[in-house]
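K.L.:
As a plain string of letters, each chain reads:
Protein chains: 2
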Amino acid sequence: MESGERDGKLSLKRIQPVQVLALGFAGVILVGALLLMLPISSRSGVVTPFVDALFTATSAVCVTGLVVVDTGTYWSTFGQIVIISLIQIGGLGFMTFATMFFVLLGKRITLKERLIMQEAYNAFNLQGVVKLALYVMGITFTIEGIGAVLLSTQFIKDYGLLKGIYYGIFHSISAFCNAGFDLIGGFRSITPYVENATVTLTIGGLIAVGGIGFAVITELLHIRKTKRLSLHTKVVLIVTAILILGGAVLFFILEYANPKTMGNLSMKGKILASLFASITPRTAGYNSIPTDGMTTAGQFLTIILMFIGASPGSTGGGIKTSTATLIFMTVIAVVRGREDTEIFKKRINKAMVYRALAISVISFTLVMVVTFILSITEQGKFIEFLYEATSAFGTVGLTLGITPKLTTIGKVAVLLTMYAGRVGPLTLALAFASRQQLESSSIKYPEDKILVG
Amino acid sequence: MESGERDGKLSLKRIQPVQVLALGFAGVILVGALLLMLPISSRSGVVTPFVDALFTATSAVCVTGLVVVDTGTYWSTFGQIVIISLIQIGGLGFMTFATMFFVLLGKRITLKERLIMQEAYNAFNLQGVVKLALYVMGITFTIEGIGAVLLSTQFIKDYGLLKGIYYGIFHSISAFCNAGFDLIGGFRSITPYVENATVTLTIGGLIAVGGIGFAVITELLHIRKTKRLSLHTKVVLIVTAILILGGAVLFFILEYANPKTMGNLSMKGKILASLFASITPRTAGYNSIPTDGMTTAGQFLTIILMFIGASPGSTGGGIKTSTATLIFMTVIAVVRGREDTEIFKKRINKAMVYRALAISVISFTLVMVVTFILSITEQGKFIEFLYEATSAFGTVGLTLGITPKLTTIGKVAVLLTMYAGRVGPLTLALAFASRQQLESSSIKYPEDKILVG
Ligand SMILES: [K+]
Ligand SMILES: [K+]
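Residue numbers (my numbering), protein chains in the order written: chain A, 1 to 453; chain B, 454 to 906.
The shape of chain A in the complex, shown without the other chains (with noise of 0.2 Å):
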C-alpha cells in the first residue's frame, strides 16, 4: 500500500534502533548514577546512597523530575551539572530516536511527502542518524538558548550575574526537555515565580513547544514551503490546545478560591497559575502553586491530564495526545453508528486504532499495578499513590509530596516506572508496528463473536 511496505530489508533493522535505545538509556543512567554517587557530587561530600543517585540519575535520563533528595540544596554544582547533562542526553536522545523511528514509520503511513526533512532518511544509514542528530540538536539548542536568555533577565535579577545565567541555562534545558528538575530549593519548584509572568510563560512554552514532538515542530518550520499540516500536525496541535485552555479554565474555578494554591493570588497570578497547572501535567514536572494545597478535584484533573500526557516524538510522556484522540474518535465513530474511526475526514484505519487501543491498555494497566504495589509498599493516601505511579508513568515529575519518604521498594518500583514510562510506549509502537507485517501472513480463524456491554 505505502512505499516502504517494500522494503523487506527494514524490518529487522526497525527492531534495533529500539534495542539501542532501551540499552543506551540502561547506560547512561548507571554512568549517572555512579558520578552521582561520588562525593564532590553532593553539597555535603557524603557519599550519596546507591538507590538515590540511582533513583536521581534515572528520574533526570528519563526527564521525569520525581527526586527523592532536593536538587537545589542537596546537590553540589558539579551534582547539578551531572544531572542536567544526563537530562539534555535524555531529552535529545529520545528525541533523535523517536524523530527517526517515526521518520521510519513515516514511510509506512504516508506522512512522508509532508514532513521535509523525511527525504535525508531514505536509506537509514549512519550518516543518515547523524544528521538528523545534528538537526535536532540545531533546533534543541536554539529553542533552549532563547529560554536561556528570557529566563536569566529575572534570575540574574535575584541570584547575579553567574549564578542567573547558570540557574537560567538550566531551568531552560530542564523545562525544554519536559524534565521538571529545578534549583530553587526546599522541594519548592517554581512556586516563589507564581505571579511572575517571565519565568512561568517562558517556562510554560519551553514545556509546551517540548511536549508537541518533534514532527510537529519541523512541519511548522516547513508550513511556508509546504502550505499544509499533516493530518498528525493538525490533530497534535488543536487537541493540544483544547488540552491547555480546557485545563486551566478548570484549574481557575477549581482552586480561585482555595487559600492553599490560588486564593491568595492577584487576577494575573491566577491566570498565570491556572496555564501553567494545566501546562505542567503534560509533562513537565514543574508547579508554581503547591501539588499538595491543591483540591481533591484539582489533583484528580492533573492525574487525568498526566496520563494523556504530551505528543509523539517529544520529550514528554503519558498515552500521547494523538492516542487519546483515536481512542475518543473510535468512540465517536461507534456512537454515530459509523464503520470506521473518521478524523477531520480522515479514515483511520483498524491496525492503529488496535495499537492505540493496545498502548492505552498496557499503559493504564501499568499505573494501577503500581498504584497497587505502592498501596501496600507505602503508607499514605490512595490519591497519594496513584498521582505518584500516573507522574513516573508519565514522566511527569509531580508528587504529593511522597517520593522523598518512599521505601526502597517503593523506590525501586517508581525508579522502573520512570523507566518502562521512557522506553515502553515508543518500544511498543515500535515492536506492534514490526510484528504486524511479519505475522499477517499467517493463518484465519473462522470469526465468531460474544456479547459485550
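Hints are computed from structural coordinates only; laboratory data are not their basis. Being a predicted model, the structure only gives us computed values, none of them experimental. Think of the CB as a built atom: it goes at the ideal place given N, C-alpha and C, for glycine as much as any other residue. Certain hints may be false.
What the hints assert, rightly or not - Below, computed lysine to any residue pairings styled on SDA-like, alpha-carbon distance capped at 25 Å:
no. : chain 1 : residue 1 : chain 2 : residue 2
1   : A       : K234      : A       : E378
2   : A       : K381      : A       : G186
3   : B       : K834      : A       : T295
4   : A       : K405      : A       : S76
5   : A       : K381      : B       : A710
6   : A       : K381      : B       : A701
7   : B       : K834      : A       : I332
As the list claims (entries may be wrong) - Okay, the calculated bits of chain A under chain B, using three or more residues with CB under 8 Å as the criterion:
no. : stretch
8   : 299-306
9   : 379-391
Given chain A, work out where chain B with the ligands should sit, using these hints.
P.N.:
Below, chain B with the ligands alone, put in the same frame as chain A:
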C-alpha cells in the same frame, strides 16, 4: 451474513424495547419513591424526604444496594416489602429485557443455533415476550426459592420462624438480583455472618449465578441436549472463575493480618471472607467484612472488580466480563502481531471490538466525571469518591460509608449514575447495534493515519 439481517422489519422494533425499559424503570422508580414516602413505610411513621425515597427506590429498582438510610432499622415491614418488590421487578424486568435483547441480537450473532430457548422467539411478538418473561420468572423463582430455604435454616435460629423465613426470602431475592439490600441493621450488611458458611456461601452462590447472565444459565440448563457451549458461555464461565478465584487469593493475602477485617477470624472465616470479598464487588453489594476497614490495596482491588462487573444479560452491572475479555484479547492480538482479535481460535470482528472499546471508554469516563463531581461537592477522601462512583455505575452497592452523608447534589449524582449504570450500557449496546446497520451504507472517507504511542 446472518439470517436476522434480512428481516428489515426488525430494525425499527429493535429500538423499542430499550425505550420501554428506560421509561418503565423510571416509572417504577417514581411509584416506588412515592410509596416509600408514605408514613407507613417508615418505622417511625414520618414522611420520608423525596430525595431519600427516590434514592432508595432507584437503588432498589436498579438493584444497586447503596442506601442513605439503614434498610433494616429505618423502614417498616411495609417499606421493606415495597423495597424487595422493587428489587424483584427491577431484577426480573431487566433480565427479561436483556435476555430478549440478546435473543434478538443473537440472531445477528449466530448464537442462534445454540440458545435453545431462542426458537420460541422467531417472531418478536407479544406471545413471545410473555413466554420469555414466564420462562425467566420460572427459573428466577426456582433459584430464589432454593436460596430462601437454605438461608432460612440459619435465620430461623436467629430470628424465630416467621421473621426467619421472611429474612430468608428477602435476602435470597436481594442476593440473586444482585441488589445487596439487607435487613441486618446498622449498615452492617452481613458482617455478623462472616464465619457462617451457610449464609455466605448461599448468598455468594446466588450472587454468582445471578451474575453470569440468563443466556449462560439457559445454556447450562440445556447442556445435555446441546452437548457444547457457545463461545460467549465459555468466555463468561472462565473469566468469572478467574476473577473470583484470583480476587479471593489477593484478598486473602492483603487482608490476612488486618485486624479491622480478617485478622481475628479463624482460618475458615478468612477463606470464606476472602471468597465473599471477591464475589461481592461483581456486583452484589453485600459485604461480610467492613469495607472501610480494608487495606487501601484491598479497597482498590474492590474498585477494579466493581468496574469489570458481572456478565451481559444478568442482574449485575459494570462493563461486563465479556467486554473486558474482548479488550484484553485485543491487546494480546496487537502484542502478538495478529491482525484480528482471537478468542478460543475464533476471530472477533472489528465492529464488536470497537463496540467493546466504546462501552469501556464511555463507562470509564462516566465514573471519572462522577468521581470528579463528588470530589467537588463532598467532604472526604478521593478513594471514597472513586469507590462510590464505581459502585453506583456498576450497580454494586458497596460504599466506604459516605452514602448516608452525601449532600443533595451528591445524592442526585449517585442516583443518576445508578440509573445510567443500569439502563445505560444495554441501551448503548442496542443503539450501537442498530445504528451500525442503518448507516453502514453511507459514504467512506479516504484512509489516513496519525502517530500513536
Ligand atoms: K517531566
Ligand atoms: K448490587
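K.L.:
Next step is simple, just say for each hint if it's right about the structure.
P.N.:
Right, here's what the structure says about each hint:
no., hint, in the structure
1, A:K234 - A:E378, "violated, 42 Å"
2, A:K381 - A:G186, "holds, 22 Å"
3, B:K834 - A:T295, "holds, 11 Å"
4, A:K405 - A:S76, "holds, 22 Å"
5, A:K381 - B:A710, "holds, 20 Å"
6, A:K381 - B:A701, "holds, 24 Å"
7, B:K834 - A:I332, "violated, 33 Å"
8, 299-306, "holds (count 4)"
9, 379-391, "holds (count 5)"
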